[in-house]
Amino acid sequence: VQLQASGGGSVRTGGSLRLSCAASGSTVFYKMGWFRQAPGKQRELVAIEFSDGTTNYADSVKGRFTVSRDNSKSTVDLQMNSLEPEDTAVYYCYVQRAIVMRDYWGRGTQVTVSS
Numbered sequence: 024v025q026l027q028a029s030g031g032g033s034v035r036t037g038g039s040l041r042l043s044c045a046a047s048g049s050t051v052f053y054k055m056g057w058f059r060q061a062p063g064k065q066r067e068l069v070a071i072e073f074s075d076g077t078t079n080y081a082d083s084v085k086g087r088f089t090v091s092r093d094n095s096k097s098t099v100d101l102q103m104n105s106l107e108p109e110d111t112a113v114y115y116c117y118v119q120r121a122i123v124m125r126d127y128w129g130r131g132t133q134v135t136v137s138s
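All you need for this note's numbering is the position in the sequence shown, starting with 1, plus 23.
For the record, the hints were derived by calculation from the structure and aren't laboratory data.
Note that beta-carbon positions come from the ideal geometry of N, C-alpha and C, so glycine has one too.
You can trust all of the hints, since none of them are fake.
Taking lysine to aspartate or glutamate pairs in the DMTMM-like style, the calculated list, with each CA pair at most 25 angstroms apart, reads:
no., residue 1, residue 2
1, K85, D75
2, K54, D82
3, K64, E109
4, K54, E67
5, K96, D126
6, K54, D126
7, K96, D75
8, K85, E109
9, K64, E107
10, K85, E107
11, K64, D126
12, K54, D93
13, K64, D82
14, K85, E67
15, K54, D75
Ranges of calculated distance between the beta carbons of each label pair, as one might list FRET restraints:
no., residue 1, residue 2, range
16, G37, A121, 35 to 43 angstroms
17, K64, S33, 17 to 25 angstroms
18, E107, T50, 33 to 41 angstroms
19, A121, G38, 30 to 38 angstroms
20, S39, V123, 30 to 38 angstroms
21, G76, V123, 17 to 25 angstroms
22, G38, I122, 34 to 42 angstroms
23, S83, R35, 15 to 23 angstroms
Can you build the whole structure from these sequences, using the hints too?
Here it is, written out as structure tokens:
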């Protein structure tokens with residue numbers, strides 16, 4: 024499985040960005056979503072959507088970010104609104120294959136929010 028992410032960039036506080044990720048192959052994924060890692064910090068969960076449509080968000084992004092997946096296309100997007108400087112990080116696309124429960128990561132895309 025290979026993950027190709029797009030989107031990201033630089034915005035001012037209060038701006039919006041959309042990240043998109045496409046997974047190669049016709050594979051069923053249990054989890055699809057996004058993590059992020061800020062300089063000097065550990066990688067953390069941003070948002071995940073499970074195969075049944077259940078979502079899980081970091082408290083810091085609830086109400087501002089929305090994760091959505093398209094199982095027919097094996098894609099997962101992250102709509103980020105009301106961005107804050109604290110959202111500045113490298114964002115990683117993440118999927119977990121169903122049954123075997125194997126994790127896959129994208130290369131990461133930079134999001135920078137300036138005040």
